[in-house]
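*Asks:* Top to bottom, those sequences are chains R and V.
The first sequence begins at 1 in the working numbering and counts up by one.
The second sequence begins at 1 in the working numbering and counts up by one.
A hint or two may mislead.
[Said to hold, decoys possible] Coverage of chain R stretches by chain V, computed from C-beta distances (three or more under 8 Å per stretch; other residues unrestricted): (1) 32-45; (2) 116-130.
[Said to hold, decoys possible] With a Cα cut of at most 25 Å, we get these calculated DSS-like pairs of lysine-lysine: (3) R/K44 / V/K40; (4) R/K40 / V/K40; (5) R/K70 / R/K169; (6) V/K121 / V/K77; (7) R/K145 / V/K121; (8) V/K85 / V/K67; (9) V/K85 / V/K70; (10) V/K77 / V/K67; (11) V/K85 / V/K121.
Bear in mind the hints are in silico, worked out from the structure with no lab data behind them.
What you are looking at is a predicted structure, and each value in this text was computed from that prediction instead of being measured.
Using N, Cα and C, we set each Cβ at its ideal position, and we do this for glycine too.
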Amino acid sequence: MESFFTMLVPLILCVVALWGILQRTDVYSALASGAGEGLKIIIKIFPALVGLLTAVYMLRASGTLDLMSKALSPALTRLGIPPETIGLMLIRPISGSGALGVGAELISTYGPDSLIGRTAAVMLGSTETTFYTIAVYFGAAGVSKTRYAIPAALCADIAGFLAASWAVKLWFY
Amino acid sequence: MAMSYIWTAIVLISVLGGYVLGNGSAVASAALEGAAAAVKLSISMAGVLCLWNGVMEIMHQAGLLDKLTKLLRPILKLLYPAFAKDNGVMEPLSANVSANLLGLGNAATPMGIQAACRMNKGGGNVASDAMCMLVVCNTASIQLIPATVAGVRAAEGCASPFDIIPAVWMASIFSVLVGIAAVLICRRIWRS
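Assemble the whole structure, with the sequences as input and the hints as a guide.
*Replies:* Below, the structure is given as structure tokens:
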């Protein structure tokens, strides 16, 4: 099973290209134009990453983050969440590029294949920037009374963080 | 504007915390390291991210989005019974979910907004149950291929950056189910 997911990307490349050809799609120019869009994403998030990684590196170096994760460590450990990810969980619902910055710092410090690095990656991949999404959707629809949308969405976020920690332990360890 | 407060708060806490905990010089060098790390990260994650966006574009042009959209209809009718027969809502709604699944965030948002606007035909400023469901489902992301995160892992020298996919799926499905359950529960008990 694990080797299947390692081979997933090359397999997807083959299947998508073949299927595209059968559908008479111009596969190669589609690939190139999509890749160009990817570059636009990088350019869009880069300025935010400069600001946020600076702040996150400073916060980490100051020792405040360690203090915070030590204080919350017993509670988080009991829930099965690595306490080092506290900063990521706090910023995830508020800022997408902020979470990417914090997550990247965790992955770089502890290694992409460590328990903490993997948990951070799964947390990033399985949750969204809740407050931003709520603001965009309700703002566009002209809704100001959001009723229970925020608490319900935060429930889903917390469930995602818990499940991310459990899923990494279940799948890898 | 919220980000301005958060950023200022983080920097302020770092400087104060560094001073109190005796890590002042570490904070000073970290302030310069962070910006350089952002450059390194952006450049080294660009490859995977661009490649994956290219693959998504092939899927899009080859009609996979439409196929997914049809496949999702029956499930969405269960989640939004009030609009099950309303094509004007169901169409952007299922397109929104399929674009989210494929990681096409830029395509998903306008369609989701269209669905939200059509749900709010009366033009009131109070969120209906269906709109809460739409927003909560959108805040609990379900993504088949987490390309950005894989890009970050690849940038840090990971040999198989996509091996987290099964764990991401498990966590996503769990969080979406909890979100849906939370909406269904709140819908019964919320007053106003």
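*Asks:* Does each hint fit the structure? Answer for all of them.
*Replies:* Now for the hints, and whether the structure bears them out:
1. By the rule of at least three residues with a Cβ nearer than 8 Å to a Cβ of chain V, the coverage given for the region 32-45 of chain R holds, with 11 such residues.
2. Counting residues of the region 116-130 of chain R whose CB falls under 8 Å from any CB of chain V gives 12; the rule of at least 3 is met.
3. Of the pairs offered as hints, the one joining R/K44 and V/K40 holds, with about 15 Å between alpha carbons and a cut-off of 25 Å not exceeded.
4. For the hint linking R/K40 to V/K40, the alpha-carbon distance of about 17 Å falls within 25 Å, and the restraint holds.
5. Proximity of R/K70 to R/K169 is assessed by CA-CA distance (about 21 Å); at most 25 Å being required, the pair is judged to hold.
6. Only pairs whose Cα atoms come within 25 Å are accepted, and V/K121 paired with V/K77 is accepted, the gap being roughly 19 Å.
7. Taking the CA atoms of R/K145 and V/K121, the gap is near 16 Å; set against the 25 Å cutoff, the hint holds.
8. Restraint check for V/K85 and V/K67: the C-alpha separation of about 20 Å stays at or below 25 Å, so the hint holds.
9. The straight-line distance between the Cα atoms of V/K85 and V/K70 is roughly 14 Å, inside the 25 Å bound, and the hint therefore holds.
10. Between V/K77 and V/K67, the direct Cα distance comes to roughly 17 Å. Compliance with the 25 Å bound is thereby established for this hinted pair.
11. Under the criterion of a C-alpha separation no larger than 25 Å, the hint pairing V/K85 with V/K121 is consistent with the structure, at around 15 Å.
Against the hints set out earlier in the document, no violation occurs for any number.
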